[in-house]
Every structure is written in C-alpha cells, then in structure tokens.
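A.B. asks: Input sequences plus hints: build the corresponding full structure.
Top to bottom, those sequences are chains L and P.
Numbering of the first sequence is given in my numbering, commencing with residue 1 and proceeding in unit increments.
Numbering of the second sequence is given in my numbering, commencing with residue 1001 and proceeding in unit increments.
Bear in mind the hints are in silico, worked out from the structure with no lab data behind them.
With a straight-line cut-off of 20 Å between C-alpha atoms, the simulated SDA-like cross-links for lysine to any residue are: (1) L/K120 <-> L/Y95; (2) L/K115 <-> P/K1344; (3) P/K1390 <-> L/E5.
As the structure is a computational prediction, the values presented were derived from the model and not from experiment.
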Amino acid sequence: MESREVIMNHYTSSPYKKSKNLDKSYQKVTTQSDSCIDHLDIFVKIEEDKIVDACFEGEACAIATSSCSILLDNCINKDLNEVKDFIKNFENMIYEYPYNEEELHETAVFKEIVKQGNRKSCAYLPYKGLKKILDKKL
Amino acid sequence: MNIEDFPMLKEDLIYLDNGATTLKPQCVIDKITEYYTKYSANAHRGDYDISFKVDQEYEKAREIVRNFIHAKYKEEVVFTSGTTESLNMIANGFFGKFLEPNDEILITQSEHASNVLPWFRLSMKLGVVVKYIPLDEHHYVTLENVKKSITPNTKVISLASITNVIGDERPIKEICEFAHKNNIFVVMDGAQSVPHRKTDVQDLDVDFLAFSGHKMCGPTGIGILYGKKELLEEMEPQNVGGGMNESFDSPNEVYLKDLPTRLEAGTPNIAGAIGLGEAIKYLESIGMDKIEDYEKKLRAYAISKLICIPHLDILNIESDSGIISFNVTDVFSQDVAYYLNKYKICVRAGNHCAKILKKETGVQNSLRVSLYFYNTESDIDNLVELLNNKEKIVEGML
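C.D. replies: Here it is, written out as structure tokens:
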C-alpha cells in the first residue's frame, strides 16, 4: 500500500477512534500543538506495565490523526519499555537523528514528513502525548 | 491597491491573514531602520542630541496616534506591547482596583481570548461575575440584547468593535450612550476595527480602547491603551520601575510621574512607537474611508465567488468587515490551509483565539480569510480557483 493510502485509511477510518464511554482504568492525556490547532485526547489502559487497550478523540489534521492511529496500532499489547523505545526511534526519524528503519513499521509512512517543517509537529503530536503517560509510569 | 509599497508583495505571495497581522510598507521599515541607524539612543535622556531626537520622535508618534483616534489629550494615549497588554492593564489596573464581589462584567462568546481571560482572572481574584450578552441568529450584538443583559450589578461592558471570526461590527456608540446613562463603563477592543476604518473615541464616547500596531502596517510589539484622562489617572501601573517614577526613598515614599509616562515603565519600545506613527501616517495618506470602502467591495466580490462553491460552508455570508470564515465540507480546516500554502496562499485555520465561540456557532474550527487594502480581485480569483475543485483539495492536503 502506498504511504498516502495508509495515511488516508487511518485518518478517515481509524479503528482507534474513541467509540464508547471508558471506565476509570483508562488514563487520559491531552496533547495540543503550540503552532497549529491540532488537539488530541489519548486514552490508555495499562495493566502490569503493558498497554492493553488505547483509543483517541479530538480535532486534528490528517497527519496528526493518522499518526495517532498508527502509533496506537503499534503500542497495544506492548510492554511499556518497548513502547518507549518505539517512540524514541520515531522521534529520531522525525528529528533526523540515526534511527532503526525496520523498527519504524507502519510509521515509516511519515518519512517524507521530515522534509515538511510545518507538519513535523503534527506527526509527532500523539507521541508527545503518550510520552507524558510513560514518563509518569517509568 | 498600493501593492508596490510592500516588499513582501514583490514575492510570489498571496497574503490573506491580515486579521492575524499585516505586511509592512517600505516607509515603516525605513523609519524603524532610521532609528536603529541614525539616532539609536534611549528615551528620556535629553542630555545629548540623539536622545533628544528620540524623545521628539517618540512624542511625535504619540501625537499622531492621538490625532488618528481623535483623543482629546495626548496623556490619554499610552504605548503598550499590544491589545493584549492594554486589555490586561484595563482589567487589572483600573477595574481590579474598585470592582467588588458580584459586580458583573458583560462580554460575548465571540470575543478574542484577550478580551475574555483578563476578565476570567478578575472573576477568580475578586469574585466578580463574567456574563455573556446573547448574540442574535447572525451572531451579532444588538442594543436590545445589551439592554436585556444589564442588571443593577453590571459595571463594565467590554466588546470588540469588530470581531475576529465573524467580522461583525458592534453598535459601540449606542452601547456607550445607554451604558453611561446606567453608570456602566465601556471597554472597546479595537484590534480588528482601528486598522480598517475611522475611529473617533470622543464621538463613540468609549471609556477605554485597546489596539495593536502590527495589524495596521506597523511593527509587532507595539500597541495602544487609550483611556479617558480622568480614568487613566486612577489606573494602577501594572509595572513599576525605571522611567515612570519621580522619586522614592522607602516603600511608602514612592512618587510617580504624570500620565502617560506613569503607565510606561522601563525603556519603551521606541522603534515600535516610531514605526507605528509612520504606519498611521501611511494609512492616513491613503485615507481610512477609502480603505474601508475598498475592503467592503473586495469582500462582496469574494463572497459572490465563494458562495458558488457547493462544498464551502460560509459562517458569515453577511459581515461588516473583510473577514470571511468558512469550511470545506468534510475536510479539516488545517488540511485546507496546508493545501493552499502549497500555492503560496496564506490563510489561517483554527478557532482564531475565540475559543468560546464554538458554543454559539457549533463550529469548532474554520478557515479565515481576512482582507486588507493591498489584496486584489486577482488574489480572490486565485483562491477561488484552488477551492473550486474538492478532489484537488483532498489530493493536495498531504
């Protein structure tokens, strides 16, 4: 599948869009851009240092929304340390530091984003949010 | 019109975000450069020629502003960093001094954050109550609704004269007349109106006015607080320090200078003030009536074209200013702005700092085109052509 198709699929029909009321076992984090209007609320359920479920809602552009969906897709049923490494690798790619190509998985669709300064922060926005939860936990 | 005066417009750029800030004409850039290259001294140090020149130019700028807004006295014109600082000074420095718990402040849900948050803070600090004047079906303020909203506790009405998303003009003069009969003060946020039409504070009879230089071809970081002299005399300076004091010996022996210096602590934004003076001279050379008329005609032209695009949802088909807010059906506003940016068209996407407006319009975010006199029909034609094809928008938004 082409990058554009992957991004549009996650943008228009993400399986991780919040669809029901969540109980108190979910932690919520709000992540908002300083430079544009992207606003995402991410909900994560952690059990025994593992993300067992997650979803999101909010108003954000195609890049931020699809990036959040792809991130959650790669985090569910993962150990918190694994998620932390996954985030770090994506961060390195976005900010043009050395990174592991293979471990990007589907997030590789944003590789071209690094060339578009004003959209970098859109792609990174959900990572910034999830990091806040992990920093509290780890 | 006057495109040739703007260096930025020599580039291949269509700038339609004038509600956020405006481009600068060469004469303003030259005036600022002249200060930094020919007489770059501090103010209030008249011991040597170049500092004396600073004082002269700085005060000349104040006089230009006074004349532009038709204030009675020069002392009524205070240089600030912009509308936000001016409104904070009015809320805290004046109303913070004498409002009491349960006193009421009337605003609307279409105010900019800078005319909401200072009042919210005052509400938390003093227990005063912030209330909203209901808007009519076009999101307009009517005098009738103002009358219905006041109670014996109403002390202040604080309104934008033109709002930054809907672009509606409020009947400020009529509101002042009614308010004053009821001993209510009126604060006018002029950020979106002063750059676009004549302002006469004496005719309007507003008690306070705030506006920014950068939205009217001037530099960033400079703005104006206007207040009736007898009211400014009562205003508590928010900043104390250099420049504004006459003498001090101990905490209870501090003597302050007269207006307006008392309210301008620290080294002022000299280049900003002088640049703003030049910007006003420039606008006056074109004529404020001519600017207003041109913008209205250009807006009407834009609406006549945009209204024909079926996938556009325009929030304010009717409006008194050069502001047009709209959405492309099913496409997030920021993605449309990104698409337009590929063609060097600058528009703003977002809630435009009017975050409580969504309660009123039901629309969270929108695209905003805000015009100024240097925009042209050809700018509109380019915009319309790019918005006409929805498939192209979706294709180009990534």
